[in-house]
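Colleague: Throw the hints in and build the complete structure from the sequences for me.
As given, the protein sequences belong to chains S and Y, one line each in that order. Under the numbering used here, the first residue of the first sequence is numbered 5, with each subsequent residue one higher. Under the numbering used here, the first residue of the second sequence is numbered 5, with each subsequent residue one higher.
No lab work stands behind these hints, which were simulated from the structure alone. It is possible that some hints are incorrect.
Because identical chains share one entry, a pair is satisfied inside a single copy or across any pair of copies.
Claimed, not checked - Using 30 Å as the maximum straight-line C-alpha spacing, the simulated DSBU-like pairs for lysine-lysine come out as follows: (1) K257 / K70; (2) K61 / K160; (3) K338 / K58; (4) K95 / K58; (5) K293 / K338; (6) K257 / K95; (7) K58 / K316; (8) K257 / K160; (9) K338 / K61; (10) K293 / K70; (11) K58 / K293; (12) K160 / K58; (13) K70 / K338.
Protein chains: 2
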Amino acid sequence: MIQGHGDDRHLYEEEILADLSSNVRTEHFPEELPSLLSRELEHWTHYPEPDGGKLQKELAQLHGVKTGQVLVTNGSIEAFYLIAAAFEGGKATIPIPTFSEYEDACRTYGMSVRTVPWERLETEGPEGGELLFLCDPNNPTGRTRSPEALLELFRKGSETIGVIDEANAELTPFPSSLLPLFSGDEDLIIVRSLTKNFGIPGLRLGYIVAGEAMIERIRSGKMPWSVNGLALRAGDHVIREHGGRIQHERIQKLYERSEGVRERVERIPGFETLASDSSYFLVRMGKGKASELKERLVRDHGVLIRDAGNFKGLDERYFRISPQSPEANERLIKGLEDWSRNSRS
Amino acid sequence: MIQGHGDDRHLYEEEILADLSSNVRTEHFPEELPSLLSRELEHWTHYPEPDGGKLQKELAQLHGVKTGQVLVTNGSIEAFYLIAAAFEGGKATIPIPTFSEYEDACRTYGMSVRTVPWERLETEGPEGGELLFLCDPNNPTGRTRSPEALLELFRKGSETIGVIDEANAELTPFPSSLLPLFSGDEDLIIVRSLTKNFGIPGLRLGYIVAGEAMIERIRSGKMPWSVNGLALRAGDHVIREHGGRIQHERIQKLYERSEGVRERVERIPGFETLASDSSYFLVRMGKGKASELKERLVRDHGVLIRDAGNFKGLDERYFRISPQSPEANERLIKGLEDWSRNSRS
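Modeller: Okay, structure coming up:
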């Protein structure tokens with residue numbers, strides 16, 4: 005497990021007034037949920053369903069797939085570890101920069117891991133016979149490829165299995181999910197998060213959609229009761245009361261707000277932003293280190309950003325911003341302007 | 005994962021009025037907790053600490069061990085799966101009858117598993133070079149051995165490592181924990197549950213106490229964020245506000261109540277109870293199957309018991325009772341009396 009993921013406010017004694025370090029969208033937080041769950045004591049005092057069977061059925065219905073094509077997991081992280089366990093000792097290709105947990109999960113299960121820049125992967129294609137981890141929209145860049153392009157990419161490999169991480173799928177207004185193209189294919193594993201979209205990552209709830217044989221293979225390594233009772237009930241709630249998805253208009257609005265922040269950061273001397281299709285983006289510093297900037301922003305402004313220097317394929321100059329409320333965004337801009345002024349003087 | 009664990013009320017459409025199927029103690033439920041957590045939104049809207057580091061320190065302090073001798077887990081179940089993963093391909097000895105998840109976890113990681121009756125294990129001792137899973141107090145029997153006897157038992161084996169499941173340690177008034185004898189030993193792995201004792205198994209929170217090298221070995225297979233934010237906060241709460249343990253007087257009282265129920269069941273024709281040191285016990289039926297009795301009790305009385313027929317070493321005549329409130333216990337007695345009358349006529 006690497007140190008230095010986003011949302012690492014527990015490492016700081018300072019009060020965090022604006023947390024732009026995590027892609028989680030607090031705007032979609034179902035405000036009625038904590039009070040609702042505090043009254044439903046059975047989810048606290050009883051064991052959860054061992055395999056989250058009720059939610060599994062609801063997710064299958066939501067996506068128009070079979071119940072046996074869904075596996076409920078303890079966040080999307082358990083999904084990656086279970087997938088790696090199911091292919092223990094095999095090989096994996098991971099285009100970088102991307103979310104570091106694919107590699108950690110693969111190495112935990114003795115897989116040989118090849119990391120390769122996205123551009124080279126797109127030119128050379130997969131080796132064949134591997135798990136190919138594709139994060140779309142990608143973390144930390146926010147870039148998306150069309151679902152058709154993604155399918156084509158991993159299907160260039162002979163017996164390559166595509167593992168598509170769609171945890172960020174509802175952070176982009178562009179079409180970016182392979183679910184509409186899924187028809188029981190056994191070479192496609194789609195991983196999703198429910199708690200991330202709805203701003204409840206503390207609860208830990210994700211799921212896998214894949215062919216029935218693949219789900220069975222992955223499920224065979226799974227422990228019972230890995231998903232807690234409150235997460236299962238929260239999943240049920242956001243599906244039944246909120247349609248299980250974020251409305252396109254809201255996604256569009258967040259993206260526009262994020263682009264507005266990106267344009268403002270771009271105009272601050274010493275910072276260069278990278279284009280993104282999602283409501284988060286990377287910034288490259290002209291000089292100095294993101295780790296130093298991060299410490300300074302916490303100390304002087306109570307602003308938390310994601311130092312992206314530990315993403316393979318990036319370096320110490322990169323950080324990631326996930327704009328939040330207008331107030332939080334103003335704090336960030338002010339902090340970056342201060343840094344910019346001081347680093348020139 | 006076997007079907008037919010306790011607390012399987014989700015399998016029934018009937019209303020369950022008295023759930024005596026699970027060892028969880030609703031009497032110790034911290035009633036203020038749900039409302040408290042519903043107001044602390046940060047545990048919902050933010051990622052939990054990846055490794056539960058704050059709670060790890062608190063648990064170390066509670067038990068007077070080093071921080072590096074504690075690993076926080078997603079219920080005690082994650083502990084068993086991580087332990088099995090750390091000894092992948094090795095061998096395990098499991099005295100039966102006992103909790104079925106040890107064997108499931110070991111088989112998931114390709115361990116060779118030898119199940120042996122408790123009595124034979126005590127005569128013959130361990131083979132050597134194995135993980136020896138000892139549940140104390142044992143599930144489903146409720147029997148305990150003295151901590152010294154347990155240590156002696158697994159140390160008869162050359163290079164045998166004792167995995168002591170103390171999830172039920174606070175359901176017996178007799179001394180039954182190896183923690184007071186633990187002094188950093190690398191051949192001893194103690195697994196505990198916080199959520200079971202405090203009646204909050206829906207949250208999923210357990211932990212391991214073991215030598216520092218052993219903890220490192222086990223930790224290396226662990227995914228980050230496996231324990232959700234509400235569970236971590238609940239653990240913090242029951243340690244700080246409730247001392248992290250159940251008071252001896254309360255345990256004694258529950259045990260006496262359980263013994264009272266056991267004596268009444270013993271007097272019902274057709275049922276024979278087995279002696280227990282804990283506040284749950286096994287019952288053997290003179291004729292008929294526990295699965296049929298269970299269905300009948302749910303249907304006619306809204307009472308849920310634990311069919312113990314799927315414990316290796318028991319058979320279809322056994323069920324387990326975990327007495328609860330006086331009202332719940334009366335429902336059970338009435339249901340058993342009805343069954344007894346009907347099965348004789």
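Colleague: Now tell me, hint by hint, if it's right for this structure.
Modeller: The hints, checked one at a time:
When the C-alpha separation of K257 and K70 is checked against a cutoff of 30 Å, the pair qualifies neither within a copy, at 33 Å, nor between copies, at 50 Å. In the homo-oligomer, the alpha carbons of K61 and K160 never lie at most 30 Å apart, since the shortest distance is 33 Å inside one protomer and 49 Å across protomers. When the C-alpha separation of K338 and K58 is checked against a cutoff of 30 Å, the pair qualifies neither within a copy, at 47 Å, nor between copies, at 32 Å. Taking the shortest alpha-carbon separations for K95 and K58, neither the intra-copy value of 34 Å nor the inter-copy value of 36 Å comes in at or below 30 Å.
Taking the shortest alpha-carbon separations for K293 and K338, only the intra-copy value of 18 Å comes in at or below 30 Å, while the best inter-copy value is 73 Å. Neither within a single protomer nor between protomers do K257 and K95 lie at most 30 Å apart by alpha-carbon distance, with minima of 40 Å and 57 Å respectively. For the homomeric pair K58 and K316, the shortest alpha-carbon distance between copies (29 Å) is at most 30 Å, but the shortest distance inside one copy (39 Å) is not. In the homo-oligomer, the alpha carbons of K257 and K160 never lie at most 30 Å apart, since the shortest distance is 36 Å inside one protomer and 68 Å across protomers.
In this assembly of identical chains, K338 and K61 lie within 30 Å of each other by CA distance neither inside one copy nor across copies; the values are 47 Å within and 37 Å between. In this homomeric assembly, K293 and K70 never come within 30 Å of each other (Cα to Cα): the closest approach is 49 Å inside a single copy and 35 Å across copies. For the identical chains of this complex, K58 and K293 are inter-copy neighbours only, at 29 Å across copies versus 48 Å inside a copy, given an alpha-carbon limit of 30 Å. Proximity of K160 to K58 under the C-alpha cut-off of 30 Å is found in neither arrangement, the shortest distances being 37 Å within a copy and 47 Å between copies.
For the identical chains of this complex, K70 and K338 are neighbours neither inside a copy (50 Å) nor across copies (43 Å), given an alpha-carbon limit of 30 Å.
Checked against the numbered hints given earlier, this structure breaks hints 1, 2, 3, 4, 6, 8, 9, 10, 12, 13; the rest are met.
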